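In the order they appear, the protein sequences are chains W and E. Heads up: the first sequence begins at 1 in UniProt numbering, then just goes up one per residue. Heads up: the second sequence begins at 1 in UniProt numbering, then just goes up one per residue.
Honestly, the hints are just simulated from the structure, not real lab data. Incorrect hints may appear among the rest.
[Claimed, not checked] Residues from chain W that face chain E, not an exhaustive set, calculated with beta carbons under 8 Å: (1) Val-49; (2) Phe-53; (3) Phe-59; (4) Ala-62; (5) Ile-64; (6) Ala-67; (7) Glu-70; (8) Phe-72; (9) Thr-74; (10) Leu-75; (11) Ser-147; (12) Gly-153; (13) Leu-166; (14) Ala-228; (15) Ile-309.
[Claimed, not checked] To be clear about the criterion: a stretch of chain W counts as covered by chain E if any three or more of its residues have a C-beta under 8 Å from a C-beta of chain E, and this derived list gives those stretches: (16) 86–95; (17) 112–123; (18) 172–186; (19) 292–301.
Since the model is a prediction, treat every value here as computed from it, not as a measurement. Ideal placement from N, C-alpha and C gives every residue a C-beta, glycine not left out.
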Amino acid sequence: MAGTTGTRTTGAAGARETPPGGASGRPRRAAHTRSRARRGPRLHVAVFVAPFFVAFSLFFIAPICYALYESFFTLQSSGLGLTEPTIEFSGLANYATALSSPAFVGSLGRVLVFAAIEVPIMVVSALALALLLDSARARWRAFFRVSFFLPYGVPGVVASLLWGFLYVPQTSPLIDILSAVGLPHDFLGPGTILFSIANIATWQFAGYNMLVLIAGLQAIPQELYEAARVDGASELRIAWHVKIPMVRAPIILITVFTLIGTLQLFVEPLILKPLTTAINSDFTPNLAAYNQAFGQSNINLASAEATIIAIISFVVSFGFLRVVNRKGNRAW
Amino acid sequence: MVDRRRLSPATVVVLALLTAAAVYFLLPVAWVLIAATKSSADLFGTFGLWSPDPQLGANLGRLFGAEDGLFGRWILNSFLYAGVSALIATLLSAGAGYAMAKYPFRGRELLFNLVLAGVLVPATVLALPTYLIFSEVGLTGTFWSVLLPSIVSPFGVYLARIQAHAAIPDALLEAARLDGAGEYRIFFRIAVRVMSPALVTIFLFQFIGVWNNYFLPLVMLSDQRLYPVTLGLAQWNSQTFRDPAFFELTVTGAAVSALLLVLTMASLQRFWRAGLTAGSVKE
Numbered sequence: 001m002a003g004t005t006g007t008r009t010t011g012a013a014g015a016r017e018t019p020p021g022g023a024s025g026r027p028r029r030a031a032h033t034r035s036r037a038r039r040g041p042r043l044h045v046a047v048f049v050a051p052f053f054v055a056f057s058l059f060f061i062a063p064i065c066y067a068l069y070e071s072f073f074t075l076q077s078s079g080l081g082l083t084e085p086t087i088e089f090s091g092l093a094n095y096a097t098a099l100s101s102p103a104f105v106g107s108l109g110r111v112l113v114f115a116a117i118e119v120p121i122m123v124v125s126a127l128a129l130a131l132l133l134d135s136a137r138a139r140w141r142a143f144f145r146v147s148f149f150l151p152y153g154v155p156g157v158v159a160s161l162l163w164g165f166l167y168v169p170q171t172s173p174l175i176d177i178l179s180a181v182g183l184p185h186d187f188l189g190p191g192t193i194l195f196s197i198a199n200i201a202t203w204q205f206a207g208y209n210m211l212v213l214i215a216g217l218q219a220i221p222q223e224l225y226e227a228a229r230v231d232g233a234s235e236l237r238i239a240w241h242v243k244i245p246m247v248r249a250p251i252i253l254i255t256v257f258t259l260i261g262t263l264q265l266f267v268e269p270l271i272l273k274p275l276t277t278a279i280n281s282d283f284t285p286n287l288a289a290y291n292q293a294f295g296q297s298n299i300n301l302a303s304a305e306a307t308i309i310a311i312i313s314f315v316v317s318f319g320f321l322r323v324v325n326r327k328g329n330r331a332w
Numbered sequence: 001m002v003d004r005r006r007l008s009p010a011t012v013v014v015l016a017l018l019t020a021a022a023v024y025f026l027l028p029v030a031w032v033l034i035a036a037t038k039s040s041a042d043l044f045g046t047f048g049l050w051s052p053d054p055q056l057g058a059n060l061g062r063l064f065g066a067e068d069g070l071f072g073r074w075i076l077n078s079f080l081y082a083g084v085s086a087l088i089a090t091l092l093s094a095g096a097g098y099a100m101a102k103y104p105f106r107g108r109e110l111l112f113n114l115v116l117a118g119v120l121v122p123a124t125v126l127a128l129p130t131y132l133i134f135s136e137v138g139l140t141g142t143f144w145s146v147l148l149p150s151i152v153s154p155f156g157v158y159l160a161r162i163q164a165h166a167a168i169p170d171a172l173l174e175a176a177r178l179d180g181a182g183e184y185r186i187f188f189r190i191a192v193r194v195m196s197p198a199l200v201t202i203f204l205f206q207f208i209g210v211w212n213n214y215f216l217p218l219v220m221l222s223d224q225r226l227y228p229v230t231l232g233l234a235q236w237n238s239q240t241f242r243d244p245a246f247f248e249l250t251v252t253g254a255a256v257s258a259l260l261l262v263l264t265m266a267s268l269q270r271f272w273r274a275g276l277t278a279g280s281v282k283e
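Excised from the complex, chain W in its bound form (with noise of 0.2 Å):
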């Protein structure tokens, strides 16, 4: 990085911006002393920089912290309820009686079968619409680039609401062809709850990943397709040999976000489960901690199943960035 000469320089122009002990130097003293011992005021980073981190620590470590502070601790109620109850640490207790709570685990292991089922559908769709709209032979593409983008705008609550009309035999114009063509058209069954779901979550986000990997597929020098078409490679080939391999870093990019928006899967099971009674309230673990914190009133377990739900996301999708990092150049 440039890193070095960029300290030398930005710092003296802020030794000639900002006279030293500006006036508005007052708060946060000793630190702002000390690194004007060292390369001048740097109030200014301050400024820009301090806004966003005390959002972000109010916003995102602090409840990231308490959440883990009510974690280890439980409410005691003594066995008659004659006094009042008492709150206790209990050290690891919650997620012992989250990971030993079937409910609980068996939401887990279906949120990894959905994110078996889901991601895999969701990037070879993202991808190949993002391949057929860059084929040379493709016309109307903005047209085309449009009405797959657009469900991206409408709203998870919304879109959820929509695919369950049309999973319900009442309302369904889809249930209405396929049943009188005599194919099979429950949606809503137990054998097929978890492909619809990821039906819709692929409506909403294909569209928008696809983009994202258009934009990658846009950066490729011409002279790569030219050298190949010169060498007699078909349009297949190129995407297979020269296009796929050059958006490397936006799949596994649309790889980790999907990963973990299937991991929380929480609106499109709420608004589908008044439908079906494939879906139960301990579904996905976002459900399950939802339904512990206001179904059953307990806090304390509920923040130990949100940790758990954001220790393996992070598990998994760090886990996965460091897999494809290591066989090739880094992603990020």
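Add chain E to chain W, keeping to what the hints say.
Just chain E now, kept in the frame of chain W:
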């Protein structure tokens, strides 16, 4: 150049696949726009993609008249939550991203790694403990409880840093300093302008994220009049089993809210592509 071989078999295949995909993506939207013109009886009694007796005006009248104009309030709330928090988030991201790209300072990479980790934190994981903290300080159930957590966009800082690094030459800043411009003046007069494509993208991302957010208002709010439109529609939908009249309200409301954001997005389409390139392509 492309049209040299008109409608070769390969072209037909590509166009057929693209058309099939377009039908898939447009079908639910077409369904809801058609359903929004139907009476309650027709909604259940007629084929989904045909409206025999359109009565859109009457449905819209009922939608905006229901419960003292509650739906209009929800739309307004959504615009307020999304617009105000996206504006603040963009400003905070621009400042932090610009400073991280252009001023070396101690702890910079540590902070940036924190930001990257923040991108990966699931939003739903934050909502629950944020609710607990807000209930300690009496903020739950207020306008602020939805607005404040939404002003933070780690992804925005990431985009802003990349854009500032790529688009603002150090020579430009040096020239401005030699002309006597202060650091704040340089930021607001030069950096913000050069970064504007990325800033528009950050604004749109955050706007759509907040507009579509459901979990945060769900845990924070109890007063219907403060609901954003997502929470309101979900609430109406949950009442359809008690009173089927809510079906029609939910469907018409879903059509209006889907159309609103889709129209906004389509009109801003050219801004999207510039920003996406900044965010996804390796330098």
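Hint check:
1. Val-49: 5 Å, holds
2. Phe-53: 7 Å, holds
3. Phe-59: Cβ of W/Phe-59 sits 4 Å from chain E, so the hint holds.
4. Ala-62: This interface hint holds because 6 Å falls under the 8 Å limit.
5. Ile-64: W/Ile-64 check passes; min Cβ-Cβ to chain E is 7 Å, inside 8 Å.
6. Ala-67: At about 4 Å, which falls below the 8 Å cut-off, the nearest Cβ of chain E leaves the hint on W/Ala-67 intact, so it holds.
7. Glu-70: 7 Å, holds
8. Phe-72: 13 Å, violated
9. Thr-74: For W/Thr-74, the interface hint is violated, since the closest Cβ of chain E sits about 15 Å away, which is over 8 Å.
10. Leu-75: 13 Å, violated
11. Ser-147: OK, holds: W/Ser-147 within 8 Å of chain E, min 5 Å.
12. Gly-153: Status holds, d = 4 Å.
13. Leu-166: With Cβ-Cβ at 6 Å, under 8 Å, it holds.
14. Ala-228: Given a least distance of 16 Å, the restraint on W/Ala-228 is violated.
15. Ile-309: Nearest chain E Cβ about 6 Å off; hint holds.
16. 86–95: Contact hint for the segment 86–95 of chain W vs chain E: violated, 0 residues under 8 Å.
17. 112–123: This one is violated; 0 residues, fewer than the three required, reach chain E with a Cβ under 8 Å.
18. 172–186: It holds: at least three residues are needed, and the segment 172–186 of chain W offers 4 whose Cβ sits within less than 8 Å of chain E.
19. 292–301: Contact hint for the segment 292–301 of chain W vs chain E: holds, 3 residues under 8 Å.
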